[in-house]
Amino acid sequence: MVKRIVDLRSDTVTKPTETMRAAIADAEVGDDVLEHDPTAFQLESEMAKIMGKEAGLFVPSGTMANLISVLVHCECRGSEVILGHNSHIHIYENGGISTIGGVHPRTVHNNDDGTMDIDLIEAAIRDSKEEITFPITRLICLENTHCNHGGRCLSVEYTDRVGEVAKKHGLKLHIDGARIFNASVALGVPVDRLVQAADSVSVCLSKGLGAPVGSVIVGSNSFITKARRLRKTLGGGMRQVGILCAAALVALHENLPKLESDHKKARLLADGLDKIKGLRVDTSSVETNIIYIEIEEFSGTTAAKLCKNLEEYGILLMQTALSRLRVVLHHQISESDVQYALSCFQKAVNGVQNENGN
Amino acid sequence: MVTRTVDLRSDTVTKPTEAMRAAMATAEVEDDVLDFDPTAVRLEAEIAKRMGKEAGLFVPSGTMGNLISVLTHCDVRGSEVILGDNCHIFIYENGGISTIGGVHPRTVKNNSDGTMDLDLIEAAIRDPRGEIVYPTTKLICLENTHANSGGKCLTAEYTDQVGELAKKHDLKLHIDGARIFNASVALGVPVDRLVQAADSVSVCLSKGIGAPIGSVIVGSKSFIAKARRLRKTLGGGMRQVGVITAAALVALQENVGKLESDHKKARLLADGLNQMKGLRVDPVETNIVYIEIEEGLHMSAAKIVKNLEERGILVMEISSSRIRVVLHHQISASDVQYALSCFQNAVKGGQTENGN
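For the record, the sequence lines run as chains A and B.
The working numbering puts the first residue of the first sequence at 938, with every later residue one more than the last.
The working numbering puts the first residue of the second sequence at 567, with every later residue one more than the last.
Just so you know, the hints here were simulated from the structure itself, not pulled from any lab data.
Among the clues, some could well be false.
[Said to hold, decoys possible] Derived BS3-like pairs: lysine-lysine, alpha-carbon spacing no greater than 27 Å straight-line:
1) B:Lys798 to A:Lys1169
2) A:Lys986 to A:Lys1104
3) B:Lys792 to A:Lys1169
Please model the complete structure; the sequences and the hints are all you need to start from.
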C-alpha cells in the first residue's frame, strides 16, 4: 500500500514543479565563469532590484551565501563578527566562518523573538583603543526570519536601529535572509524596505520559494565583485548555471504569492496541535511557516518516540531536542495534508496515553 | 550579418544537449542534504565504479573538487602538499588551499610533459626530523591531463611510480583528473587502471564530457564521508541537485565516446596551424593546442585574437606570444576548417607586412 507522505521536515524538501522543469529544459545558458550566464544574470539582477541593492550573485547554498558575505565584509585578518548565539550561521554552518574564513564570532544572546538587545550588541563591539588584545569588530549579522526561534520576524524598525548602531561604529550589517520573503509577507512590509539598513542580504530560493537549488547574495557592486571572486575560490563557480537560475526565476514568480497561505496553514496546524493533550505550542509565536512543538512531561512520550510513530503514518518531521519537535510548512503541503497530520498527531499521542493508562 | 561562432576558448563552454535538457526536466530528485538525492547517488556510484574507488561525491566545480580533496587529506594544522609549479591547483584556484584551507604548498618543477621528476618530488618531502621548523608533508598532487603543458597525459607507469613514492613516505596521492577521461582515451588505458595508485581523484563533467555543471570526487568511503561534510562547510551542499546530476549522467553516456574525435580534430588543427609561417604548435596529445607566435611574424597574440574574434573564432590569449585553443564535441570538422582559414587570414597580415 502506497503510504501518504506529508514531509514537514523543512521547506527545503520542495521539489521542482512542472513549470520549473520546463524552464530548466529551455534555459538559455552561457559559461558563467568565462563570462556571464544570461539566465544567472537575469536572476541576479531581478533579485538585486527586488531587494533594493545594486547587484546580486547566485550561489549553490545559503551556507555559501553567508560564508561569502561574512568573509567579504571581514576580509582583513583579525576580524570579529557579532551574531546571535542561536543563529543559523553560528549553529548550523559547521563554524565555517572561523574554520574556513579565520573570522572570530562574538555571540550575543538571541531573545525568543529572534532579536538581540541593542545595548548588548553595542557592548559586544570591541573598543579599538584596546587593539593589542582584541580582534576588530567588522560586522553585525541578523537573521530574518529567525529559524531557531520559530521563524519569528525582525521588524523593520528593529533592523533600522541595528543598522544605525552598525553605522555609528563603522561596521557593516549582513542579514541572513534565508526566509526574508516570509518575513516581508508576514509583516506586510516590502522586502526592500525591510532590508534597507543592510549592506548585504543572503536570500534562499530553495526553501519556501521552492527552487531546487541555490541562494542569491545582494549588496553593492563592489561587494558583489569581491563576492564573485570568493565564490570561485570556494568552488562555487558553476558553468552553465542558467539551468538552475531558470528554475529559481520561476520559483520567484510562482511561489512568492503562496507564502501567505503557508503561514495560514502553519497557524491552522499550530492551533490544532496546541489543543492535543500532551503537546504544547506557543501559538502566538507562530508568525510564519515554522512551528516548534513542546512535548509535555505528562504525555509519557519523547520527541524521538513521537517522531518515529508519526513516521509510520507517513508524517515526517524533525526532532530538535529531547522533548521538542519542529514542523515547517511549504507550498507542497495542502490543507488536507494539514488535517491528516493533525489526526495522525492525535492518534500518535493518544496511543501513548492509552499505553500509559491515561 | 550573423557571424558563425566557433568557441575554442575552453571545453567548459559546451552547452547541454537536447538529451541532457530532457533528463534535467524529468530527473528524480530529493533533498541531498537532509537525505540523499537518488540521481546524485546514481552519478556518484557510477563514477566511483568507473574509477575503481569506493565512493563518490558530486560538487559544483573542479575547484571545489580539488579544494575538498586537498583539505580532507591535509586535515591536520601544519600540513604541506607537493604539487607542480604549473598545475591548475597552484595557478588557477585562487590559492584557496592556503587562503581557505591553511595548507602550505611546496611546488616542484613541472616538465613540459606535465610530470615532475621523481627525485625532485622525493627531495621536496619534509624530513620529520626537522619538524620543529618544517610543516608536515601529507599529500602529493598530480594533474592528468596536464592543462598548462598542453593537455599532456601522465602514463599509468609514471602515476604508479609516484604512488609508490607516496606510500613509501606515508603520504596520500590525489589526482586532479579534470580531463582524466581524455588521458585514458589518448593512452588507451582504462581509466580505473590509470588512477589505481591514487587515494582520490577529482573528475570534471563540465569540460569535454559536456555536462552543464559539476565534478565528482572519488575515493575511499571514509574519505568521501569527510569530504561530504567539508562540502557542506564550503557551501556546496545543494538540495534537489538531481536536476544537474541527471545531465551529467547523460553526458557520461553520450560524450566519453566522442573524446577520441576531439583529439583527432585537435591534431588536424595543430597540423594545419603548423604549416602557417609565423606560427608554431607544440605537440598535441589530447584536445588542447598551444600556439606560439614566432618573433618573425611581428604580431601580438592580442592582435591575432581580436582579428579572429571579428570572424567569430574565439580563442584564449595566454601571453603576448601564446594562444590556446581547446577542442570539444560541439566543434565540428567543418568548424576546424573554418578556423584554419581564419587563422590563415589573420597571420597573412603579418606575413605580408614583413615581406614574408
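Hinted pair, alpha-carbon criterion (27 Å max): lysine 986 of chain A, lysine 1104 of chain A. Please report holds or violated.
holds, 23 Å
Does the alpha-carbon distance linking lysine 798 of chain B and lysine 1169 of chain A stay inside the 27 Å limit?
holds, 16 Å
Verify the proposed pairing of lysine 792 of chain B with lysine 1169 of chain A, using a straight-line Cα cut of 27 Å.
holds, 21 Å
Taken one by one, the earlier hints all hold for this structure without exception.
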